[in-house]
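A.B. asks: Listed here are the chains, written in short residue letters.
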Amino acid sequence: MTESDADSVVEPGAEPVPASSDRATERNIAVSLVVSTLAALGLAMVYIGGGQAQAEGALLMVALGGLGVAVILWARLLVPGPEITDERGETGSPAEDAEAVEQNIEETLDDAPGEMGRRSVLRLFWVALGSLGLAALFPIRSLGPSPGRTLLTTAWKEGLRLIDQEGRLVRVDTLVVGGTLTVFPEGAEKAADAQAVLVRVAPGLIRPRPGREDWAPEGNIAYSKVCTHVGCPVGLYQEDSHELVCPCHQSTFDVLDGARPRFGPATRALPQLALDVDRDGFLVARGDFDQPVGPGFWNLG
Amino acid sequence: MTAWRARLAVLLPLVGAGLLAVSAGAVQPAQAQLPPPGAAQAQVEAGRQLYLVACTSCHGARGEGGERGPTLVGAGAASAHYYLSTGRMPLNQTGVQPQRKPPIYSEGEIEELTAYVASLGPGPSQPHIDVSQGDLAEGYELFSNNCASCHSSAGIGGALGHAIYAPGLKPASTSQIAEAVRVGPGAMPVFGPETIDDHQLESIVRYVVYLKNPDDRGGYGLGHLGPLPEGFVAWVVGLMAMLGVARWIGTRD
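Going down the list, the protein sequences come from chains E and V.
Residues in the first sequence are numbered consecutively from 1244, following the working numbering.
Residues in the second sequence are numbered consecutively from 3, following the working numbering.
Nothing false has been slipped in among the hints.
These stretches of chain E come out as covered by chain V in the derived footprint (C-beta under 8 Å, 3 or more residues):
1) 1416-1425
2) 1477-1489
Here are a few chain E residues that sit away from chain V, every Cβ distance over 10 Å (derived from the structure):
3) A1273
4) G1285
5) G1335
6) A1338
7) G1402
Here are the simulated distance ranges between beta carbons:
8) V:P195 to E:P1446: 18 to 24 Å
9) V:L93 to E:P1390: 52 to 58 Å
10) V:L230 to E:E1432: 32 to 38 Å
Hint data in this document are derived by calculation from the structure and do not stem from the laboratory.
Backbone N, C-alpha and C define an ideal beta-carbon position, used for all residues, glycine too.
Given these sequences and hints, build the entire structure.
C.D. replies: Below, the structure is given as structure tokens:
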């Protein structure tokens, strides 16, 4: 506030707040603070005693609310009114000062001893800064290792047996027709990108792509469980229409038709895992998936 | 070749084929229900009478199925009991997913119809479930891995493709839950005993029963729908309350 009294405005007829109201307000403030204290102590005791979520929430509300009520009552009722308005005076320098400064800057930039002049030096300044920015791009590029070939392959290899989430081996007749199971490669149970969904359909229903006629022994057909849209696990198997549905964005893949997407945002079919049956009747993989798994990336090709 | 070797060369395949035929006939699938013995024949016959009244128009005179309904040969007691006790059969409307409704048959009639359908051909029998033998923690793991993707982690159901939904599990009885797992009705996959054995099934049933009244630590469960209603409550109730308080703070006398 400036000291120019001519600009101060005091509301006419303003009076100081009467004393009795002060006492009542002070008492209310004291009460709310005491209640807040008790609630905080109660909160501590409930917590120590084992905790109960709803009681703790209520006590916390009272403890914080009591503080808030006390502060607000103080600010609204105890702090003396009335409001005083002080007009802001004119800002900005006087005109002749502004012109003098402007001229000074111009002279500094143009009229200087030496051949180059301040403006060209300023340009050189920008050039130097820009070069530093360009140079910084190279260390930024070095952040983190390149994925290399890890995006293109998974842990599946020829001869690896299929296991389920409990680590049990999967036989060719483990699933009944219409059943589904999530499988992993034996020895690489933690490899999240290797997760596959095994589905058993009636063998005559499959319409295999050329060259894949023997990829599904006795109707056991395995696809990658990582959705080719954004990578959610495609776990919803609709048995009557033989479709795998992804829960995130509802991409729907036709199990009988090489898991081609029938609906939803996915555009690539789920990669298929070629299966075989080993001597003991267990299902084994014949190699990796036929395509890189998961969402597409820029050098997928 | 000597004479006896020549005779052996003819006899051996015949004997082998004969043995094969006998053994193939003797082996039954583990879950198959054989036609009941004569003492329960009355129940089958009573079921057949009920069947002839209400079921032949879609399922055929002998359960062979037709244009309007699938075959019941091989459906088994589990399937029949599931569909009849949940009231999904008889259908009240074709062309849409069968819906749970109060069954029109009494329990005795359901048993008779179940016996009749089971007699049509070998199929999954009704599972015997002792819920108290189930392990709740194991049931949680199995449910989350196998069931939650369609039925939601709280078992309240969810939408699937093609105007089909996975129903909420709250109204299901223990026998219906077990039967549904073994039968795989409609769009549901079939979980045979090789993927979920009988003890695991008991655990799953026990967990689903728990889900009917889960321990809602946060107070009101909001229908167990998840982040959507929770966000609604936080924004509408919480934020409105805060707006009200902010307004009160800023009010001038």
